[in-house]
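Novice: Dock chain B against chain A, hints included.
Take a look at the letters that make up each chain.
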Amino acid sequence: MQSEKSTPTGPLEGIRVLELSHILVGPTATMLLADMGMEVIKVEAIQRVDGLRGSRIPLGEEKAYERSPLFNTINRNKYGLTLNLKNQRGVGIFKDLVKISDIVVSNFAPRVMRDLGIEYLTLKEVNPAIIVICASGFGDAGPLRNFTAYAFTIEDMAGLTDLTGFRNGPAMIAGATFGDQVPGMYVALAAVMAVRQRCKTGKGQYIDLSMFETMSLMAAESILEYAVNGRILSRDGNGHPYMAPHGCYPTKDEGKWVTIAVASQEQWKSFCQAIEEPCLEENERFADPLSRWTNRDELDRIVEEWTVKHGHREVMEILQGVGVAAGGVLDGEELSKDIHLKERGFLQAVPRAYVGTHSYPGPFIRFSKTPTRIRMPAPCLGEHNIYVLQHLLGMSKEEIDELAKEAIIGNEIAQTLQVRV
Amino acid sequence: MNGCLSDMIVLDVTNWIAGPYCTKLLADYGAEVIKVEKAGVADGMRRWGPFPSDNPSSEGSLLFQYLNTNKKSITLNLKSVLGQKIFRELVAKVDVVVESFHPGVMDSWELGYEDLEKANPRLVMTSLSNFGQTGPYRDYKATHITLWALSGCGHLSGGKDGRPVQAGGWVCHYMGGILGALGTIAGYHYSQRTGLGQQIDISMMEAAFLAQAWSIATYSYRGQATYKTGGIWPFVIVRCKDGYFGLNVLSDTEWELFCAFIGRPELAEDPRFTSGLSRRDHGDAIVSLISPWFADRYKTEIFESAQEMRLPCGIVNTAADVVQSSQHKARGFFVEVDIPGVGPVVQPGGPFRLDDCEWRHNPAPLLGTHNTDIYGNVLGYSREELVRLRRMDVI
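Residue numbers (our numbering), protein chains in the order written: chain A, 122 to 542; chain B, 12 to 406.
FYI, nobody ran anything at the bench for these hints, they're computed from the structure.
All values derive from a computational prediction rather than experimental measurement.
Just to be clear, a hint being listed does not mean it is correct.
To give a feel for the contact side, a few chain A residues facing chain B, derived at Cβ under 8 angstroms [unchecked claim]:
1. N193
2. A297
3. L451
PhoX-like, lysine-lysine: derived pairs with alpha carbons at most 25 angstroms apart [what the hints assert, rightly or not]:
4. K490/A to K104/B
5. K104/B to K321/A
6. K239/B to K458/A
7. K490/A to K129/B
8. K171/B to K239/B
9. K458/A to K377/A
10. K245/A to K216/A
11. K377/A to K171/B
12. K207/A to K518/A
13. K83/B to K321/A
14. K104/B to K373/A
15. K239/B to K373/A
From the three backbone atoms N, C-alpha and C, an ideal C-beta is built for every residue, glycine too.
Isolated chain A, as found in the complex:
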């Protein structure tokens, strides 16, 4: 599978990761690691596939579980293995893989790892240098230890939801799944740090990562404000602590919005000229940054009167043209056609079975001497069983057929998949 080439797949080529995770936290982490050249083997079971395979799928179609845009985005650059870990033989094979791997990334609850007999202390006996990272909602200790956690509920618990919403309005979910991806990024960070640690000591370790803790870090400023001044910051919608105008404004097209942030007196002058309202510059109510901020509601209404006459890209071009930060709120369709992302090579066309060729984003970090790219599409279920079992573990074809007969491995789903919207 790893062909001979002079340029590496990335700066972290030569490191092998076993992924035992579902949905987003673990899979995002191993995607980032795989993008940088690590060999990531994603371990699913035909009796329990990654739940993300059920996201936004056309249920009636053949192999619908291969058609999830979410699964196929997050799991690229990974090898796909199926292994039933509720079976002793399956666990045995997993341990054989641990012997030849460097890192295990799991977002199964630590208690699940223990129930399956693959908790860190057992794996350490098999491979003393193994690094095991378990990401769970609240970590493996404390009163909330076994509580459920999802992206939005963790954002709620971490204080982020409370910071999001219009002024004098209720708290609102932020929208993007920060509560999964941010912990996932920290899991990847823990992995590379543990690799560096191992370079010094030769030893592996177990890292118990809490989504609640990592997301609380995103609310650092509000935590500091409360801890030291006893003050709870109130929601400020699309406003800013000192910039005005600063907001998200409607445009001439329904459902299209544009953000504008005027950061200085100089930018204010340019802004007034660009929107062809030079008298605005003379208006005392907006003459200096403090006045503008104090009168920002009135200012926002004036800005809106202008933005509703234009398209969001038009506003962006006009204002960026005079050095003012303006950005349209772009959706999936617009992002897939965005000229900046295209020219950056950020949208890569990748063919895949069952869905054909589509563009996927990333890699998210660029290296000038060890350039990285999407090398492989997200694996089909058990797609690389032969590569892993035969080439990496040296099993015979007969042994592999036996495993398939006992449904320890396979290529067809053997469960009813929960469809997620």
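Specialist: Using the frame of chain A, we list chain B on its own:
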């Protein structure tokens, strides 16, 4: 006990949030991070706050303190030719440079990667910028809300009138910082193994994009849009007696469980609510039906009993709830940092702990504290030379 990155030396010329957070992550886990600021101007975050008792003193900015723990501080004027020369001397002695200037600025000072590579072929140079080092938006201006909008994070937010509302906290900046640290360590690992340095280009628009990475495929597979989540079922927040509660009832199984939980099993049979899509369409009706149950109860009691049934949910915690959290206390998440001139201050701890690896939380440095240490001991300048350089506004 040293940190896992104790063999890494970093020259840090970043300001504000993303860059300093990247280098904070490195410093907290053991790297020697030398923060470079221009005397008299300094990192703007020193002026941001929050300030203890709202007293805007020069060293009291709590966010600056938090973002710059464990770093050393030197002053240097990168706009002066002599300052640029000294910078190159420093580059020869370090492993990593992290910068977040507008693309082209370092090049204009002859401190671009090609220039620095000559001083140190093993150098890893991490460049964090709003839109990356290349591309049509390269020279665009951006604040957090701009990045939030252009990265795709914005379009998922917003309620029924459709107006998106910015994600709270500075989450897009932090995402840039975390990827910065991740890329830096990866590049450093490669450089240690091969002797080859390189430049790492991180765009904050692309970093924040990760939080909704599938929006492109969701559109391109079947022309679907991603869902808005502001107060639309299933992503609703309901009021309870002492605050707010967040629900996350997605699947049919979870819906049945939820109906049983609030003592309304008959709602599971209601033809309006039998599928995820139909529940979304009738979300307002659902919220009206369930609100009285929540309004009558306390958030902690709801949370604990819901969790016993494994129901996906969370309390909408305020900053006070987070600081007072018994879970954070049990895991020792918060630490106390003794800030000179301010006193002991509570700060969040690290994202994870590593075995046999110190996680440090020393206060941020006073401006220029390490000038004599770095310029004197590392580069060999005499005290007289340093005084002369200061008078010339080079350091």
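Novice: Please go over all the hints and tell whether each is borne out by the structure.
Specialist: Structure-based check of each hint:
1. With its C-beta approaching chain B no nearer than about 6 angstroms, N193/A sits inside the 8 angstroms limit, and its interface hint holds.
2. Using the Cβ-Cβ criterion of 8 angstroms, the hint placing A297/A at the interface with chain B is satisfied: the shortest such distance is roughly 4 angstroms.
3. Hint on L451/A holds. Least Cβ distance to chain B is approximately 6 angstroms, under the 8 angstroms limit.
4. Between the alpha carbons of K490/A and K104/B the distance comes to roughly 21 angstroms, so the proposed pair stays at or under 25 angstroms and holds.
5. Under the criterion of a C-alpha separation no larger than 25 angstroms, the hint pairing K104/B with K321/A is consistent with the structure, at around 21 angstroms.
6. Restraint check for K239/B and K458/A: satisfied, since their Cα atoms lie roughly 21 angstroms apart, inside the 25 angstroms limit.
7. Restraint check for K490/A and K129/B: satisfied, since their Cα atoms lie roughly 15 angstroms apart, inside the 25 angstroms limit.
8. For a cut-off of 25 angstroms, the pair hint linking K171/B to K239/B stands: about 9 angstroms separates their Cα positions.
9. Between K458/A and K377/A, the direct Cα distance comes to roughly 16 angstroms. Compliance with the 25 angstroms bound is thereby established for this hinted pair.
10. Between K245/A and K216/A the alpha-carbon distance is near 10 angstroms, which keeps this suggested pair within the 25 angstroms criterion.
11. Between K377/A and K171/B the alpha-carbon distance is near 14 angstroms, which keeps this suggested pair within the 25 angstroms criterion.
12. For the proposed pair K207/A and K518/A, the alpha carbon gap of about 23 angstroms is at most 25 angstroms, so the pair holds.
13. Taking the CA atoms of K83/B and K321/A, the gap is near 24 angstroms; set against the 25 angstroms cutoff, the hint holds.
14. For the hint linking K104/B to K373/A, the alpha-carbon distance of about 55 angstroms lies beyond 25 angstroms, and the restraint is violated.
15. For a cut-off of 25 angstroms, the pair hint linking K239/B to K373/A stands: about 20 angstroms separates their Cα positions.
Violated hints amount to a single one, hint 14; each of the other numbered hints is respected by the structure.
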